[in-house]
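> Listed below, chain by chain, are the residues.
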Amino acid sequence: MIKNLDFLGKPSIEKISLFVGLGASLFVLGVVDLLLNSFFGFNLTSFLPRWLNYLTPLIFCFLGLHYIRIDYSGNKNLDRLNKNLNSNWFNSLLSILIIFSLILSIPPILDWLFFDANFSGETKEECTGDGACWIFIKIWLPRFIYGMYPLTEIWRINTTFVLLIGLVILLFVSPQKYKKYLVIFLLFVFPFIMINLLSGGNFGLKWVETNSWGGLSLTFIISIFALIFCFPVGIFLALGRRSSAPVTRYSSIGFIEFWRGVPLITVLFMASVMFPMFLPDGTYMDKLIRVIIAITLFEAAYMAEVIRGGLQALPRGQYDAGKSLGMGYWKLHLLVIMPQALKLVIPGIANTFLALVKDTPLILVVGLLELVGMIDMAKTNPKWLGFAAEGYVFAGVVFWIICYSMSRYSQRLEKRYKTDR
Amino acid sequence: MSDKIIQMEEVNKWFGEFQVLKNVNLQVSSKQKIVVCGPSGSGKSTLIRCINRLEEHQKGKIIVDGTELTENTKNIEKIRAEVGMVFQQFNLFPHLSILDNCTLAPIWVKKMPKKEAEELAMKQLEQVQIVDQAKKFPGQLSGGQQQRCAIARALCMKPKIMLFDEPTSALDPEMIKEVLDAMVNLAKAGMTMIVVTHEMGFAKEVADEVIFMDEGMIVEKQPTKQFFANPKSDRTKLFLSQIL
Chain U
619 MIKNLDFLGK PSIEKISLFV GLGASLFVLG VVDLLLNSFF GFNLTSFLPR
669 WLNYLTPLIF CFLGLHYIRI DYSGNKNLDR LNKNLNSNWF NSLLSILIIF
719 SLILSIPPIL DWLFFDANFS GETKEECTGD GACWIFIKIW LPRFIYGMYP
769 LTEIWRINTT FVLLIGLVIL LFVSPQKYKK YLVIFLLFVF PFIMINLLSG
819 GNFGLKWVET NSWGGLSLTF IISIFALIFC FPVGIFLALG RRSSAPVTRY
869 SSIGFIEFWR GVPLITVLFM ASVMFPMFLP DGTYMDKLIR VIIAITLFEA
919 AYMAEVIRGG LQALPRGQYD AGKSLGMGYW KLHLLVIMPQ ALKLVIPGIA
969 NTFLALVKDT PLILVVGLLE LVGMIDMAKT NPKWLGFAAE GYVFAGVVFW
1019 IICYSMSRYS QRLEKRYKTD R
Chain Y
223 MSDKIIQMEE VNKWFGEFQV LKNVNLQVSS KQKIVVCGPS GSGKSTLIRC
273 INRLEEHQKG KIIVDGTELT ENTKNIEKIR AEVGMVFQQF NLFPHLSILD
323 NCTLAPIWVK KMPKKEAEEL AMKQLEQVQI VDQAKKFPGQ LSGGQQQRCA
373 IARALCMKPK IMLFDEPTSA LDPEMIKEVL DAMVNLAKAG MTMIVVTHEM
423 GFAKEVADEV IFMDEGMIVE KQPTKQFFAN PKSDRTKLFL SQIL
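Chains as they are written, first to last, in our numbering: chain U, 619 to 1039; chain Y, 223 to 466.
A couple of the hints might just be wrong.
To be verified - Computed cross-link-like contacts, BS3-like style, restricted to lysine-lysine with a CA-CA straight-line distance of at most 25 Å: (1) Y:410 to Y:253; (2) U:795 to Y:333; (3) Y:300 to Y:281; (4) U:795 to Y:357; (5) Y:447 to Y:380; (6) Y:253 to Y:443; (7) U:949 to Y:337; (8) Y:357 to U:798; (9) Y:333 to Y:300; (10) U:949 to Y:300; (11) Y:244 to U:798; (12) Y:410 to U:797; (13) Y:382 to Y:296; (14) Y:332 to U:949.
As the list claims (entries may be wrong) - Derived coverage of chain Y by chain U (criterion: at least 3 residues anywhere in the stretch with Cβ under 8 Å from a Cβ of chain U; other residues may be distant): (15) 294-300; (16) 314-326.
Simulated from the structure, these hints should not be mistaken for laboratory data.
Using N, Cα and C, we set each Cβ at its ideal position, and we do this for glycine too.
Model the full assembly from the supplied sequences, consistent with the hints where possible.
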């Protein structure tokens, strides 16, 4: 390894303005060379041999950073720069490579996303630029959100989600006294209202088959139900796995290990294809319900292990203290153990929830089309061939927004419940 | 029925191969204060943990307040609600405020109305002089304050018997006194107490009887004065000479 680069001249603090000036101009020269080279086809150093010519931006910047690497210069900004990006020759090289790759990659991406993209228009033919064709997304947006739900009935989906969001906001602002009732309503009454409003068939609402549900709204429906159900199931499995009764313990272990060991695609396929064969003749269970149950059980197994981690982190003294106050098993766990264990594993729970949301596109394999599924379908529409990239970028952005907001929320919860230490 | 509130007859307990309690016999009358001492690993903690069945004994009989401790969960919970316990590591519930720590069990186990439970808790916190900390969380309190809160929490269940498992061993020296003071007050109020401790000053001041344990057996059991003035066994003499 190169121990020092003193042969290049050692920058000294006495001549700080000279070295910083020299270093900065060399660095700028390197960046300008790179920019001219890659975006304008103009080469400053064409007189040099080709192999050296190719490396000139790198060499300029490297020398530039070498000359500004002055320890304890007294200049706050320079010191911070040196400490974070330029502490030795290897780190400076890494910094340069990262800066170069950003310079080279960001403009084309921006071009594709915005500057060369087409936003206005109604048909594929109006997409004339080199960039993305956002007309595709614009035209298909209702389908991406509502799936194949009859367009005249989509107010029902809108109402459902507006109600849901309204109730959740109400839950946060309402006084402590009513929160309990709101939570009970949200968990035990609202799901039925939601299902009824969406599928209809009574109260003068037209029946809409679950087969025609789809798009982002289906993503939300599946995620919400699976999240609500997998949490309690996970808690029971975690407690079961720590139970002293052998039957409970081994059946919990068996359940968890079975679901953790099977790929989700297989599970979904089974739920959709095999499961109906085991049902007695004449009975029927909606495919969507089967899929939600499958995802719930699958994620509950992961949830159980996350929660078990929290249970194991609690000192035995907490159990002793609860028991010594006369609490039975359920009171002890509900009031003392679970609140602490769950608080400890908020990051793990958030992790599982995010994974669940991102697993929903897999229901594609059983013919249910949520957001990604709809995009998949749209891109194979003969009128709109060739817009896969736009579709997947859109799906990526939407999923990222959902997951990032969940992650932020979990961080807020972590802070709020941090009462010790 | 005798007037003995705790009766242990020929109690034996093993941890795997290792026998922690060997033929322990112990009678405690109501309002009696007993101090248990002995070297570490002698089974003192196990002994008092058996009294509210945090540990199960395998042989012998333990009768607390007229109820024998058996597998019967209902009985165990009933006895635990009558027997308060204070631990070496305080074991407060870190997710609850001091006040909620004290009201949790009365509300949920004894079905006491919330308001009444809070009044009771404030009274008990007043007794141990941490009423001004009621809204804080355990993590914000000093060790001595936490231990006093733990005493208040146990008292909120209005127990007939209080068990103390080395309540001052995890404390800084200057905090030991505040906890011992709270315990002395409790003793003066007439509580039945069994205290595992190395604080011999406390034993001399409060205890009616002192028990010395070694290797799972009760080696010596004497009224306090005799215990310190002329212990019978050589093992006790040796122990006392080392810690006094």
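> If a hint holds in the structure, say so; if it does not, say that too.
Status of each hint after checking the structure:
Annotation: proposed proximity of residue 410 of chain Y to residue 253 of chain Y holds, straight-line Cα distance about 10 Å (limit 25 Å). The hinted pair formed by residue 795 of chain U and residue 333 of chain Y meets the criterion: a straight-line CA distance of about 19 Å does not exceed 25 Å. At most 25 Å may separate the alpha-carbon atoms for a hinted pair to count; residue 300 of chain Y and residue 281 of chain Y meet this at roughly 22 Å. As the CA atoms of residue 795 of chain U and residue 357 of chain Y are separated by approximately 19 Å, the hinted pair is consistent with the 25 Å bound.
For a cut-off of 25 Å, the pair hint linking residue 447 of chain Y to residue 380 of chain Y is broken: about 30 Å separates their Cα positions. Between the alpha carbons of residue 253 of chain Y and residue 443 of chain Y the distance comes to roughly 17 Å, so the proposed pair stays at or under 25 Å and holds. Using a Cα cut-off of 25 Å, the hinted pair residue 949 of chain U and residue 337 of chain Y holds, with the two alpha carbons roughly 20 Å apart. Distance hint between residue 357 of chain Y and residue 798 of chain U is fulfilled; the C-alpha atoms sit about 22 Å from each other, no more than 25 Å.
Distance restraint check for residue 333 of chain Y and residue 300 of chain Y: the Cα-Cα separation of roughly 13 Å lies within the 25 Å cut-off, and the hinted pair is therefore satisfied. A threshold of 25 Å between alpha carbons decides the hint, and for residue 949 of chain U with residue 300 of chain Y the separation of about 14 Å falls inside it, so the pair holds. This hinted pair does not check out: residue 244 of chain Y and residue 798 of chain U have alpha carbons roughly 52 Å apart, beyond 25 Å. A C-alpha spacing of about 45 Å is found between residue 410 of chain Y and residue 797 of chain U, which places the hinted pair above 25 Å, so the restraint is violated.
The straight-line distance between the Cα atoms of residue 382 of chain Y and residue 296 of chain Y is roughly 18 Å, inside the 25 Å bound, and the hint therefore holds. Simply put, residue 332 of chain Y and residue 949 of chain U have alpha-carbon atoms about 12 Å apart, close enough for the 25 Å limit, and the pair holds. Under a criterion of three residues with beta carbons nearer than 8 Å to beta carbons of chain U, the stated coverage of the segment 294-300 of chain Y is upheld, 3 such residues being counted. Taking a C-beta to C-beta cut-off of 8 Å, the segment 314-326 of chain Y contributes 5 residues in contact with chain U, enough for the three needed, and the coverage statement holds.
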